[in-house]
Amino acid sequence: MANNKMLVSFFIASESIFFLMLILAYVNFHGDVIDGPTAENSLNPVKTGIFSIFLFASSFTIWLAGKSIKKKDHAMLCVWLLATIILGAIFIFGQGMEWASLIGREITISRNVFATTFFTLTGFHGFHVCVGLIMLSILLGLTIAGDFKGPRSDGIECVSIYWHFVDGVWVVVFSVIYLWAFL
Amino acid sequence: MEKLGGVFNASSPEMTAMAGLTLYMIAIAVVIFVIIAASVTYIIIRYRKRSGDESEPYQDFGSTTVEIIWTVIPTIIVAILFFLTVKTMYAVDPPKGDREPDIVIIGHQWWWELYYPKSRVLTANELHIPVGEKWLARLESVDVIHDFWVPELFRKIDLVPGHPNYIWLVTGKPGIYLGACAEFCGLQHANMRIRVIAETRDEFDAWQLGQLKIPTTPTDGEAAKGAELFQDRACMNCHYISGTAAAARIGPSLTHFSTRQTIGAGVLENTPENLKGWLLNPNAYKPGSLMPNMKLSDLEADQIVAYLEALK
Amino acid sequence: MTTWKLLASYWSFEPWMILICTVLILGYLVLDNLRISRAFLIFSTGVLLLLLSTSSPLNILGRNYLFSASMILHIILLLVIPLILLIGISPGIINKLSNFLPSLKVFNILGKPVVAWILGVGTMWIWHAPNLHNYLLRNDYLQFTQILLFITVGLIFWLPVFSPMESRRLSPLPSTLYLSSACLSCTVLGILITFANAGLYREYLNPVDTLGILNFLRNDLCITPSVDQQIGGLTMWVPGCLIYLVASMITIARWYREPEENSGYRLHDAGYRMNDTNTI
Amino acid sequence: MSRIPLVPENVEPLPSIGESEGLLSWVGSIDHKQIGIMYIIATLVYFLIGGLEAILMRIQLAHPNSSFISPEIFNQLFTMHGTTMIFFVVMPFLIGVGVYLVPLMIGARDMAFPRLNALSFWLFLFGGLLLYYSFFTQSGAPDVGWFAYAPLSEKPFSLNNGPTYWAIGLLASGIGSIASGLNNIVTILTLRTPGMTMRRLPLFVWMILVTSFLLIFVIPIITAAFFMLLLDRLFEANFFNPASGGSAILYQHFFWGFGHPEVYILVLPAFGIISEVIPVFSRKPIFGYEFVAASTVAIGLLSLGVWAHHMFAVGLGNVTNAYFSLASMLIAIPTGVKVLNWVATMWNGKLRFYNPMLFAVAFIIEFVIGGLTGVAVASVPIDWQATDSYFVVAHLHYALFGGSLFAIFAGVYYWFPKITGRMLSECLGRWHFWLTVIGFNFTFLIQHILGLVGMPRRVYTYPDMPYWGTMNLISTIGALILGISVLIFVWNVIVSLRNGDPAGDNPWNAWTLEWATTSPPPVFNFDRVPPVRGRRPLWDLAHPDMPDEK
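Chains as they are written, first to last, in the numbering used here: chain L, 1 to 183; chain G, 1001 to 1312; chain X, 2001 to 2280; chain Z, 3001 to 3550.
No lab work stands behind these hints, which were simulated from the structure alone. Since the model is a prediction, treat every value here as computed from it, not as a measurement. C-beta atoms are modelled at their ideal positions from N, C-alpha and C, and glycine is treated no differently. Certain hints may be false.
Unchecked claim - Going by beta-carbon spacing under 7 Å, a handful of chain L positions derived as facing chain Z:
(1) M6
(2) L7
(3) N112
(4) W180
Pulled out of the complex, with its shape left as it was, chain L reads as follows (with noise of 0.2 Å):
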């Protein structure tokens, strides 16, 4: 394996510990709240649901953005790219209108520690989101600029490592606030 996807995995390793840190701290407080906000009475599990249906889309794409890398195809590295940019500008876009909608009821990291771990967990993976997202816009920039001829880019592979692990984050944190509130 190359020295730069093995920096990346461990690198997530390291990253997961962080997650699940944050997750476990939800999970502790879960149950905690007698009255003010909770999952079950503050969130909307459809709409976010939806959201999230674009977030795991995207690493759809990019799977194929790197197929297409190794079938040397230019253009549609570009498209699939672009693709995984709008659908993870999308996912970013549903979890602002999420916490909009929760500021607006003046729920916020204040309230109650359900609001806190609430805005902590998704705070952090949206931070990640935009991180992966802005990365991703570099890849695509140098892209258009005329590089990544393939068949083989680090670049290309360790941002999809890390693109994936932001959705399985997500997975798992969607299953934890609201699968587990809804079902």
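Since chain L is already given, all that's left is putting chains G, X and Z on it; use the hints.
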């Protein structure tokens, strides 16, 4: 020749058990240490390079049997130690069942509030307990984490806000035992001291009766003026004196204050002079103490002292 | 009623369990053309342990009274017995077996590290999801499937590390990662159970006292529901992880026993000459 | 796994040591040797500061009811002393030495990611500077103890900005440590020279590898906790504030979930140093290489599951306490195996007592004491007396000073010639050694007793109880002796840098690859790497007739 305190002066059955285990462990440790130190010393002397001898020694790379031996032996020692640990642990700290606490110990920055739920006595910093009786204590904190530690009598236990703890209090022989807060709790952590006064049942009952009766508020002389001042000069906003309007529990309860031995959680002897100095400027004796300097005049201080000394 | 009496009584040897075990042992003997080899002894210890653990009071206690007991049983079934069985199976057996059981090939796919890890750890998690666990307790007929499933999954989980086929094993460092990551997930589950409020598993809160030992457990042994749940969680956590730890120690030990391959160097000359130094 | 010892990254020439390009050649450097040296210098400075803080505290505690230092200052001093020594001295020093030596020991040109390497260093340095900047703010330095228990470290109880500086400073350096952990792992796994298989790694490299894994797996835990603490302090979040539904105990779980593995992060590379020094000066290979290496892995894995033994007094219940007590005691076994292996290595050797060896042997003795008291406090009822008392202070200093720091001194005396090309003065070294041993034991041995007779830690003053004054005075005298010994050490370094004897490539006649190149090594470390056919390549070269591996 004074005696050493702590585990060397175990004064309760629980503490005797813990001290026993501690000394036993120290004994094992010393033996192991001596064995290793001795062998190292022997090796240093026996195998140091002789001058002139530049040859390399025999190169040996290890031996599995030896490794196994010195893996198994420590394992056995650990097993024994673990058995003793669990045994002692349950002896010192058996489950409390559904028993109600005999005393509630509440940690404040930087003093101890003591409440006897059965008799409703409320006092501070001096824990009276009948010798030989097995009491259940409930420990709480109103601010940060404190730790209740009376080295000669009881195990350490944290006072965690939002997480009440329970321990058993048993005392072996009458006497006054000094303890302190053991978990760093802020500026005056060092001066958050407690004294346990273990006395016979009769003495304890007498003390408890004394605490229960409502002190008579003096009606004339300095003391009376002091009583008024106590109401006017915001003392009552923090302190509790039964039978008066002063009902706050932010500072220590002052009912029967004159029966206490110390001021400011063990900083000063409880004498009129000290009390006056304390009233005039608490921070001189306990820097950062949450009791503000009330800017009392000399006379006012005297009067309040008179009042507090009258609270028998 | 004493602890000893408790452990002495309530053994129940299910006929079908005895049947399976005998079949296993005899089958092994036949395949190994009736040789009593060291491997066979190890294998039969595993089988015996299987019989004993499933017939012991652990089983009854676990199904009716104590979460901790069922947890101990699960650890034995999922981690200990499969490991012993696997070590006891020699490559020869596998070859013979796969001749007239080609379907065994499926294990080659299931034995892939990722699959095996997900299966093994997944079972651990899903099985202790409170609702499912409570459901299983209420349905005795699932007991047999549960035991069978645990053993199979356990075997699959250990395959990447202890497969009888050397070629199919992970190299030691990856297998240490494989095991320690499994240990981590075990730890997390253990933490969740240990520090959760009592009554995660409703069935154990106030069980139907069919054997009349509840009073003894609760008051003499002081195993209250919360204590019970803590013991359960910590059992999965500490001893569970110790098993993984020991396993990875074994792999490392095996690794050191292998001779060192000398990457392309001519062994005979130890001289420091231009031609066999790699100039950078 | 590619075995080609080439670093594709540095196509441009790296600035090298001694090239007179001035400061820029250091600030801009991505050469692992220069970065390693910068780590070492920075930690030395932090070490002097932390030591000064300790001495001030000891002077205050020299006699009962003393008023040499105000409580505010005292609380800041012990907070900063602990934080500095752990996060800005021992840990970065060991990382720094690793950064310097790992590529040399595995026959590589540089770390796998030289720029990342530089990033780690600068994050560490500025994290520390940020922390120390808090001294100059009007609110003063953090004063909540080095583990900053919530809710004391929360807004209502610490209105000053100290804890905020503390959290941010440690966040920065923590991320730096993760980066260097990643860097070390990739370097060790991919850049080994042909023949340097995993089973032939020098034990120091083995320990660095395990440590690096610990780094990347446990620092995220505390990073998360720091973020939560900061959110609590800056945005009124409710993680750790019981008043608003938070949990004070959760913080302790997070902190010690990191904090205990941290102890092994601090001590495993030290074990590595000892495992290099003792064989060389006994002229024998390490006894039971396999067991030393494997026990390291065991310690690494075990250390992840024992944190709650720091919380026996919190009231987690006897069941939990019992399990954690067991797990903690188990760690003693692999650790004991290591110690015995070192002793066995010396057995039948021809011991040469140069300063590295002196410190290594002292390490064994002192560390055994620290280890045994460690087993003691792993036993719950003993811990109910010992925890948060001076007994624990003594224990942790025997582990981290008698353990890590003695090993670090051994390492300094051992590798200084390689790093600078000059020998440290043996004579001054002796003075340093004996004063350190005497001072150290004077300071801390008595503190075991102090703890057992009931003196709590972190008190700025104490009542005049029987013998307390005497024992504290002895401890203080010891601390002053230690101070002097450190000054001698610094003097030794300065003098030897100027006019120490030239070292030559391999002054100790050692066996690992770093001694095969010049001292100090050239920019690209080796112009040629000797063939590696065993664990001691230079031994095989010197004794072709009896190589380690037939």
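Right, here's what the structure says about each hint:
| no. | hint | in the structure |
| --- | --- | --- |
| 1 | M6 | holds, 5 Å |
| 2 | L7 | holds, 5 Å |
| 3 | N112 | holds, 6 Å |
| 4 | W180 | violated, 19 Å |
Hint check: a violation occurs at hint 4 only; the rest are consistent with the structure.
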